[in-house]
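There are 2 protein chains.
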Amino acid sequence: MNSSNDLKQEVTDKYSLRGRVFNRIREDILNGKYKDHEELREVAIGEELGVSRTPVREAFRQLELEGLIQIIPNKGAYVTGIKVKDIKDIYMIRSKLEGLCARWACEHITEEQLEEMEENIFLAEFHASKGHMEQIAELDNRFHNILYESCNSKMLEHLLKDYHQYVWRIRKQSLVTKRGNASNGEHRAIMEAIKEKNPDKAEQLANQHMINAYNNMLSNGFFDDYDDEHQDENQE
Amino acid sequence: MNSSNDLKQEVTDKYSLRGRVFNRIREDILNGKYKDHEELREVAIGEELGVSRTPVREAFRQLELEGLIQIIPNKGAYVTGIKVKDIKDIYMIRSKLEGLCARWACEHITEEQLEEMEENIFLAEFHASKGHMEQIAELDNRFHNILYESCNSKMLEHLLKDYHQYVWRIRKQSLVTKRGNASNGEHRAIMEAIKEKNPDKAEQLANQHMINAYNNMLSNGFFDDYDDEHQDENQE
DNA sequence: GATGGTATGATTGTATACAATTATACGAAA
DNA sequence: TTTCGTATAATTGTATACAATCATACCATC
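Chain order of the listed sequences is A and B. Using our numbering, the letters of the first sequence correspond one by one to residues 1 to 236. Using our numbering, the letters of the second sequence correspond one by one to residues 1 to 236.
One should not assume that every hint holds.
Copies of the same chain look alike in the list, so a pair counts if it fits in one copy or across any two.
Claimed, not checked - The calculated DSSO-like cross-link candidates involving lysine-lysine, where the alpha carbons are at most 30 Å apart (straight line), are:
#, residue 1, residue 2
1, Lys130, Lys161
2, Lys83, Lys35
3, Lys85, Lys195
4, Lys88, Lys161
5, Lys154, Lys88
6, Lys195, Lys83
7, Lys33, Lys85
8, Lys75, Lys161
9, Lys85, Lys201
10, Lys35, Lys161
11, Lys154, Lys195
12, Lys35, Lys85
13, Lys88, Lys35
14, Lys197, Lys161
15, Lys154, Lys83
16, Lys161, Lys85
17, Lys33, Lys88
18, Lys201, Lys88
19, Lys161, Lys195
20, Lys85, Lys154
21, Lys154, Lys75
22, Lys35, Lys154
23, Lys85, Lys197
24, Lys83, Lys161
Hints are computed from structural coordinates only; laboratory data are not their basis. Model, not experiment: these values are computed from the prediction.
Start from the sequences and build out the full structure, keeping to the hints where you can.
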């Protein structure tokens with residue numbers, strides 16, 4: 001039930017103080033500047049960003065709903081660090097939901113979306129052969145967003161985009177994974193299944209695609225000392 | 001990625017002005033007092049509830065993340081009505097996620113949780129035989145919450161509780177559905193599958209349980225003129 | 001020395017004041 | 001009559017002031 005992915009919202013985030021504060025704090029939690037259980041004080045952050053308490057407070061309320069901080073009334077705001085377990089859970093949840101999304105896409109995808117997917121995959125193959133990691137990552141992003149938009153469900157699209165951005169923010173600080181070829185092949189398979197209107201197959205493939213992506217992160221040692229870097233001493 | 005389900009949060013909602021404003025507006029959107037695309041003005045709502053703009057604004061920010069209103073910078077806050085399609089989508093999404101939840105519960109449920117489930121089902125059978133609709137609804141709620149808590153995933157628990165509350169708020173204004181017996185039988189089946197640690201079966205049953213619940217709403221004519229009541233003239 | 005209570009400071013909650021932006025109304029020019 | 005521009009009003013964005021609550025330190029008492 002979140003938001004923050006339409007154009008208007010991006011404009012807000014860019015030009016309003018609240019939006020800037022919100023994004024800044026979110027980044028700082030995700031990249032580990034603010035550690036788990038750390039207290040965030042309104043004045044301190046306000047001074048750091050050169051704004052008053054008002055926009056900071058509004059940003060706090062949003063961050064709380066995003067689950068990134070916990071606000072205890074009359075006491076303070078405390079960082080809720082993201083744990084390795086959370087990332088795993090998100091991938092498993094996404095696995096189910098991307099499956100559902102691919103299923104619905106079989107019925108509702110438009111010709112234009114199918115064409116953009118095809119182009120996307122074609123381009124990704126090209127950049128993979130050249131080793132252009134930056135572009136591959138961008139195209140991967142875009143592929144999933146097309147898929148989300150093609151399912152004809154604002155609810156599901158919303159949810160998946162949120163999760164997608166969420167893990168993206170975490171992943172992007174690490175090296176981009178070297179899975180371009182395999183991943184793109186899976187994209188092609190999903191697209192083919194959607195094109196031939198085979199919902200069972202599309203769902204199953206999208207399901208597995210997400211699980212593979214997760215396993216890839218695992219075997220690349222992404223998590224090896226993630227918690228150490230993002231949690232402070234008193235673990236739970 | 002939402003929140004608003006732990007005890008602390010409830011305390012906030014009850015005693016802080018912001019929390020009261022937030023709940024009030026949410027109710028008013030869900031029960032149709034504020035129609036689709038209606039503009040919400042900060043001062044007007046503030047005066048109506050006897051508070052200043054500050055808590056109203058903070059509530060607005062939260063409502064935006066919940067997807068209930070859309071805020072256009074420097075312009076205003078506009079209600080985003082819930083459409084029949086959204087409710088259907090939520091049930092289908094929940095179907096997948098409750099399945100995943102039941103699967104994980106097989107591994108992680110505690111003895112106490114299993115016992116509470118058993119007691120819950122027992123009580124529900126009793127009240128069903130007596131026709132105590134109020135209690136049946138309450139027990140149904142509780143059953144699902146136990147299930148959510150038993151999956152050992154804060155992420156999934158969070159998400160499912162949000163959706164659960166969301167549809168609950170919509171459903172409760174209508175007559176309580178008369179599905180007590182069948183629903184409770186399905187609860188029992190899910191519990192048995194979890195108890196015997198059969199994740200495939202548990203997932204499949206929880207899946208189907210949600211689809212049945214949705215079909216029941218359909219055949220009870222719940223949606224017949226829902227949009228008419230909750231959307232204003234210019235539909236999309 | 002340990003314990004408890006009070007005073008002080010720090011922090012959040014709310015209200016209000018001011019600035020910036022947007023909508024509306026009115027009139028002049030074509 | 002229509003259209004454009006300007007002035008005015010309304011509304012949101014931000015900053016600040018004040019109130020309420022919570023944390024800390026210090027001192028009195030046992």
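**Prompt:** Okay, which hints does this one fail, numbers in order?
**Reply:** Structure breaks no hint.
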